[in-house]
Structures are given as C-alpha cells and as structure tokens.
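First to last, the sequence lines map onto chains A and B. Take the first sequence: its position 115, counting from 1, is numbered 115 in the working numbering, and each next residue is one higher. Take the second sequence: its position 94, counting from 1, is numbered 94 in the working numbering, and each next residue is one higher.
Because the hints were derived from the structure by calculation, they are not lab data.
Repeated chains share a single entry, so a pair holds when one copy, or any two copies, can fit it.
The calculated SDA-like cross-link candidates involving lysine to any residue, where the alpha carbons are at most 25 Å apart (straight line), are:
no.: 1; residue 1: Lys114; residue 2: Leu27
no.: 2; residue 1: Lys148; residue 2: Arg42
no.: 3; residue 1: Lys226; residue 2: Arg213
no.: 4; residue 1: Lys148; residue 2: Glu38
no.: 5; residue 1: Lys114; residue 2: Thr17
no.: 6; residue 1: Lys259; residue 2: Pro230
no.: 7; residue 1: Lys114; residue 2: Arg15
no.: 8; residue 1: Lys148; residue 2: Ile26
no.: 9; residue 1: Lys67; residue 2: Glu21
no.: 10; residue 1: Lys267; residue 2: Val192
no.: 11; residue 1: Lys148; residue 2: Pro24
no.: 12; residue 1: Lys67; residue 2: Arg271
no.: 13; residue 1: Lys226; residue 2: Pro270
no.: 14; residue 1: Lys67; residue 2: Ala14
no.: 15; residue 1: Lys267; residue 2: Ser257
no.: 16; residue 1: Lys259; residue 2: Val192
no.: 17; residue 1: Lys148; residue 2: Arg117
no.: 18; residue 1: Lys148; residue 2: Gly41
no.: 19; residue 1: Lys259; residue 2: Arg231
no.: 20; residue 1: Lys114; residue 2: Ala14
no.: 21; residue 1: Lys67; residue 2: Val13
no.: 22; residue 1: Lys114; residue 2: Glu38
no.: 23; residue 1: Lys148; residue 2: Gly43
no.: 24; residue 1: Lys259; residue 2: Leu272
no.: 25; residue 1: Lys67; residue 2: Glu187
Please read these numbers as outputs of a predicted model, since none were measured by experiment.
Protein chains: 2
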Amino acid sequence: MPDLSSFGEEAVVARLTTLLEAGPGILIGPGDDCAVVEGGGRGEVELLKTDCLVGGVHFLEEAAPGKVGWKAIARTLSDFAAMGGWPRHLLVTLALPGSCEMRWVEQLYRGMNKCARAFDCSIVGGETSSVPAGAPSMISVAGTGTAKRSQVVLRSGGRPGDVLFVTGRLGGSLRGRHLTFTPRLVEANWLVRNCPLHAMMDLSDGLARDLPRLASTSGCGFLLEKDSVPRSRGITVEEALCDGEDYELLLAVPARSAKRLESAWRKQFPRLPLSLIGSLTAEGESDLSGGWDHFAG
Amino acid sequence: MPDLSSFGEEAVVARLTTLLEAGPGILIGPGDDCAVVEGGGRGEVELLKTDCLVGGVHFLEEAAPGKVGWKAIARTLSDFAAMGGWPRHLLVTLALPGSCEMRWVEQLYRGMNKCARAFDCSIVGGETSSVPAGAPSMISVAGTGTAKRSQVVLRSGGRPGDVLFVTGRLGGSLRGRHLTFTPRLVEANWLVRNCPLHAMMDLSDGLARDLPRLASTSGCGFLLEKDSVPRSRGITVEEALCDGEDYELLLAVPARSAKRLESAWRKQFPRLPLSLIGSLTAEGESDLSGGWDHFAG
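Isolated chain A, as found in the complex (with noise of 0.2 Å):
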C-alpha cells in the first residue's frame, strides 16, 4: 500500500483538495496562503487559514516554551502578510501529555499571546486534548483575517516577464530566527497599497520549493541568480535556499515596477533588504532543488 512518504507532501495535498466540494461563498480554495471567502466589511474579503507545529518536527522540546508560542501565531500571522491582509481573530489547539509541566504551557501561551497582542490580533478561543504518553506536542493555529477585496495577492497571478523579489535574508533560521522571526505583515500591507504586485506568498520551506511553487500555479517558468539571493552571515548559497523556515515575502512584480519599488522600500524599510532575486518566463527549468518536504522518507 503506498504511504504518504512514498507520494510527498505536495502529491497529498493535491489528492486530497480533490475530493473537496466546493460550496457558495468561497472565492479562493485550498492552495494559496490563505483561503479567500465572502466576509469581512465593506470592500473586504474574509481570510481564513489553519497551521500547526509538531514536537520533534517544528520545535525541539527543549526550546524555549515562550518562543515556541510566538512561532506557533507568528507562523500562521505569516500567511495572512502572503496575501496582502490582516489577521484577526485566532484560534488555538493544543495536544498535550499529561506529563507536561504547567509552566510549560503558561509560557507556550504567553508567547503566543505576546505575538497576537504584537500584530493587533487575539486568540478568541481553544482546545485542549491530551495525547497518548510519549507522544509528541502539537500547536495548531487557526485565523481569521481580512484584505481589502481589490487588494488581495495570490500566488498564482505572477506573469512572464515579472521580476522577482524577497524580503530580508535567507538561510540558517534554524541557528534562532524560526523561532523569533517576525511576520512580514506591515511590509506586505506596505506593499499591496504602494506596488501593482502580481503574486506573492511566504517562504516557508526554502527558496527552492517554494519558487518552483508560486512559478507553477502562475503558469510560468522561472529564471533565478543564484549569486542575488540574500543570505544571513555565514550562509551558503545552497543553505539560503534550501534551509527553509525563513517567513520572508516572495513577490513577483511587473518588471517597469521594479525601479520604482526598490526606491520606495528603501525609504520605507531602511533596515530590511528587499532584493531581485530574478524572473518569472513564458516556460522555464532550473536546477533548484532540495527544500523541505513533509511526507519524504
């Protein structure tokens, strides 16, 4: 019988959102950051998206309960600054052996609410449940959030021709910053109101998935300098894009648009690079490979 390690996480997903029927009300399904349905104000949209962190997968157990819980909201906030909105209302799942300690979990949420308090959002609600002994925690972050309907940036509407830009610096999140990162929401509402973006989304699984996918669901190829790419200190050019759990923006952009907003952020963010990092084309290869997959043996 063939098991999810034998298919890869993309393939899974793909099955799955298949056998998913479609009722009144949803705008954008399955496959972008957020799902995108009827909601929100006047001229709004709703956003809704679910995450979750696994012991053993996302945190060591060791680390920081504090910063396991800004991680758990400032990950699924993340998805929210992918598509130009803004979160709202959250949601929490925790599952727990009962052998975890009470100061574990105090600090786990004081984390996670310091993250929401950060970005002008709440946890509204939760669960507990416990888990069998031995077993791993789990963290799962479910939010609400909205963008204004004309604003809205999906993954899938990049163009030949586009250039490519990323925020920050790639690589080496692992040595502290997965654990600390900030979601990009101020810049990614920055940009929606001062840039015609035609895609973007957050990396999560390393430059070379994740540009592969943005590429793919626009209908496009892509061209990628390697030598552009932004790395943290100490960083190979292959541990920048391959490392993953970096939480910065990719964005595809028209290319007469590029000149402009590179001036713009600068004034804007002086301490946050953004860089081109490359194009979006008609049809194209790379050699990118590697990044993180979930299900691979």
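Please arrange chain B on chain A, whose structure you already have, making use of the hints.
Chain B in isolation, oriented as in the chain A frame:
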C-alpha cells in the same frame, strides 16, 4: 513541578485563559462552545471554533477512516449547534506519520467532506504535517459560521427555576455512535426560533461533567432527576451520565415554556426524544461525578 494531569482539564483551561488579553470586536471569548465576534451579515455575529481528534484518545487507529473523518467534522459542527448558529467554512489540520497509507487519508477526507456537505458547509483549506514515527495521528478542525445576533445562546444565560432538557438518548456512544452521530444543527436552529432558550451546550464529556459546567457558568446550582435521563438501550444511569461523547443538546428553558416546547418538539421531531431531566436552582449541590477529563491521571 506540577503537570497538566495534576491540575485537570478545567483548571488548565481556566489558567491559560487568564493569560490572554482581549482585543476589539470580541463579544464572547474562550469558555463557551464557540467564540462570538463581530462579523457576518446584517443582524448577525460570527462564530469561531476549533476542535481536535487524537488517535488513541478520540478514535482507535483501526477505526474506519471515513467515520473518523465524519466525527472530526461533526464534533466541530456540534459546537455551532450549541450556540444556535450555523457553520460555513472549515479548515482541516492533519498531522500524520509518513507511514500512513494514502488510502486511509483519502477515506478520511471523503468522510470529512461528506459530513461538511451534509450540513451545507465547505472545507476551504488545510495544513498537513508529519509527526515523528510512532506518534499518533492528529486531526484538528477549525470553523467559522454565523448566528443571528438576537438568537445566540450561551452557556451562561441559565436562571434559577429554568427547567433542563436533553435531546436524544445518552450513554453507550463508544459502541459506535461517537463516530457516526448527527450534529444537532437542525434541531438547535429550530429551538432558537421557537423557544425562549436561556442556555444551551452540547454534551461531549458526559452529562455528569457538562451539566455542572452549564450550571456554574450560569451562576446556578442544579437538580437532576437521574431516572428521567434518557438512556440508550442497555445502558445504566451511571453510564448515561458518565460515558460522554453523546453530542446531544442540553438546554435551560423558562419553566413556563416547558409544556409548549414539549408539544411543539413532538410535532417537529417525532423520532427524537426531548426529555425534561431537572432544573437550575439558586444554589445547589449534586452527587454527580465522573465524565471525561483530558488531563486527569
């Protein structure tokens, strides 16, 4: 160091909830069956809920995956029923071992989709993650929905003198019904339109545990006529009170409305019993005990 099992689920949730800061737009935060926030259409509010199933806790790994999927969705839907609302969009988080068979996951998803569509709602997104080898499967379902602002029913609205009803028959759910039950959405939505409900909740942990919750949240005691508790075939009173996973509705109604409710209910739902099982009191005690605590030793 005190661990979760030494506190018990109730105390864990109570402590964590105090660590959260509320933001704007929240009408009802943690503690009820759903959170209630500003949103939805004119005259409506938005309901938010998350829930989860853990392998070995909420289902056996050898259970039919289609039924596990049905249960995962139906549990969340049951919480929308408990508020007098209706669910709309669902998000699914799967944390599964790589050794999980693809066919198992497909059947799981088919069961989830079947339940969602049976109640006019849609799975609009999800997240998949691996878990370490040997760890149990985990399925978290979050949902959004709406209720009429004037018809939302909380756990906390019960008043001394109210009479208590339950739908269906209690106990013995583990013989199979916990995987195939019908969330009482139709019944709850009829109730909010046809009866002045003071309080309502769905029974997940057993009447012996859930009734005291409803009473204490309402600032009341309660009297339970144990012999009036409707029991599944071959089930003792003790089992009916403590087995849990009934997913029936418990409601508190002004005593003067009881007769009219019973008669209208019989016409509307002739095959589903509605049983008067007791009343709320100004102060009260009970010999009730048992039910399911997630972190109890």
